[in-house]
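All chains should be built: construct the whole structure from the sequences, respecting the hints.
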Amino acid sequence: MGKYFQPEIETASRDQIINIQNEKIVKQVKHVYENVAYYRELMDEKGVKPEDIKSIDDIKKLPFLSKADLRDAYPYGLLGTDLKNCVRIHSTSGTTGRRVVAFYTQHDVDLWEECCARAIVATGGSSEDVVQVAYGYGLFTGGFGLHGGSQKVGCLTLPMSSGNTERQIQFMMDLGSTILCCTPSYAAFIGESLAEKGYKPSDNKLRAGIFGAEPWTEEMRREIEKSLGIKAYDIYGLTETSGPGVAYECEEQTGMHINEDHFYAEIIDPDTGEVLPDGEKGELVFTALDKEAFPLLRYRTRDICVLSREKCSCGRTHVKMSKPMGRSDDMMIIRGVNVFPSQIETVLIKEGYAPNYLIEVDRVKNTDTLDINVELSPGQFSDKVSDIQAKEKALEAAMRTMIGIGPKIHLVPPKSIARSEGKAVRVIDKRKLHD
Amino acid sequence: MAIRQLSIFIENKKGKLSDAVKTISEAGINMRAMSIGDSDDFGILRLIVSDTAKAYSLLSEDNIVKVTDVIAVKMNDKEGALYTVLRVLEKADINVEYTYAFTARELGAYVVFRVNDVEAAEKALSDKGLVLMTEEEIRSI
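These protein sequence lines are chains Y and X, in that order. Quick note: the first sequence uses our numbering, first residue 1, plus one each step. Quick note: the second sequence uses our numbering, first residue 436, plus one each step.
It is worth saying that the hints were derived from the structure and are not from the lab. Zero decoy hints are in this set.
When the alpha-carbon atoms are kept at most 27 Å apart in a straight line, the in silico DSS-like pairs for lysine-lysine are as follows:
| no. | chain 1 | residue 1 | chain 2 | residue 2 |
| --- | --- | --- | --- | --- |
| 1 | X | Lys449 | Y | Lys408 |
| 2 | Y | Lys415 | X | Lys501 |
| 3 | X | Lys501 | Y | Lys350 |
| 4 | Y | Lys384 | X | Lys449 |
| 5 | X | Lys449 | Y | Lys391 |
| 6 | X | Lys451 | Y | Lys391 |
See the structure below:
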């Protein structure tokens with residue numbers, strides 16, 4: 001295999017890409033309007049008809065979809081085809097209340113896997129490679145996405161799923177894995193585990209890693225590259241649009257090429273919804289151009305980033321997105337899990353605490369830590385240390401049930417958490433993931 | 436014959452203990468006995484003071500304060516004194532939650548017990564002729 005998985009598309013001229021997009025958006029809006037009542041109503045409210053969309057530029061006329069719409073429409077409200085045509089679902093972790101369930105026809109799975117295949121080939125991957133997929137398999141899109149992409153490239157695919165590090169290392173060493181796919185924090189952990197076992201970075205056959213699903217820094221990239229002796233590539237995606245592979249890095253490692261023939265990206269001002277020119281920082285909005293079962297138009301990702309059309313030395317012509325620099329809402333991604341302060345507040349109230357709290361997120365040895373200071377009220381106070389410690393443990397357990405990861409709870413006296421005027425400072429993120 | 440102890444919830448942070456102590460000292464209240472139970476996050480300051488009501492109302496302004504009945508048992512100045520007391524409590528099936536010691540000038544040495552059943556403990560100890568400190572004595576030390 002050459003340098004590209006689909007050279008004619010990946011290196012197409014700007015005009016060719018726009019032609020593809022023009023053709024697809026007209027069809028797609030018609031498809032959505034006819035099949036998705038929820039979106040049809042949004043379009044009718046805005047007074048937009050499918051025939052108003054004649055080219056990709058007209059996309060500005062369409063209404064946005066947000067996470068709230070996805071929750072309202074759960075589970076079938078945004079389905080674009082008959083269930084009998086669907087072959088699979090995937091789902092978000094559902095930490096914000098209702099899960100998002102995304103549906104796929106075989107066509108949708110194919111185009112998603114094609115995107116992942118492009119990502120693998122962009123790291124120099126070919127049928128010679130042994131790809132160890134250590135993303136979780138299941139409702140989470142990571143495992144299945146890279147798995148499908150790897151098979152499309154013709155790689156020997158190891159469906160390891162996440163966890164069981166002993167076994168990961170055994171297969172990696174015995175079968176000579178050349179590409180590792182997992183979250184960056186798990187890659188760092190595998191690197192540390194290898195070192196603990198006395199392996200040098202040169203002892204493994206790994207050449208590249210494709211890491212995503214959580215925020216990570218340039219420093220972390222360099223650390224992982226050093227500890228595993230590889231080149232580490234970023235990958236981006238979300239369940240709502242398909243999964244990983246919406247955008248991926250090439251050898252330049254200066255941003256992720258968006259698969260523009262399938263996903264149209266816009267950057268908007270998160271407050272006004274106004275579309276911003278390339279190069280400006282704003283909220284990333286995606287339109288799936290040819291998905292059948294879950295065809296989201298103008299979906300607001302809440303990720304803040306920048307698009308760049310500067311010529312890339314890899315020869316790919318598709319626009320590049322920066323690593324997300326933050327969120328336009330207050331969502332935190334901790335150990336790959338989406339966490340909202342509102343969930344933490346919900347648990348506190350349910351457990352009888354006042355909603356006065358301070359969340360501290362940090363990263364220690366490449367693992368995220370979550371500490372929550374919670375104010376104790378006079379009625380809950382006991383003069384026995386063990387009673388208060390038991391309360392902390394109980395609250396930790398309740399939090400774990402709600403958000404999926406276990407925080408460390410610190411009960412503190414009332415009024416000890418600073419009150420600010422206006423919007424309360426609820427979160428201190430010390431991870432320095434963004435500049 | 437239980438005496439009242441104040442328990443104050445204090446964040447395990449620089450300056451927090453001295454803030455509470457300052458409140459008491461500025462009000463001219465005497466500390467008779469103190470101990471601290473702590474974890475990494477917090478401490479529980481336990482005080483027996485000359486004016487419990489006044490200390491409670493002052494400390495409550497900025498802190499969580501709880502009044503707990505405890506028993507202060509006079510220790511005979513001879514070996515095995517503490518053991519004798521513990522045996523009495525054990526035989527009466529009383530649990531000791533925590534304990535600490537203090538001396539009260541000419542009245543001698545005392546050990547404070549926070550127990551699960553104050554009345555039963557008082558009875559068991561008095562029956563064995565052990566001397567418990569009273570609220571009046573606390574005020575007059």
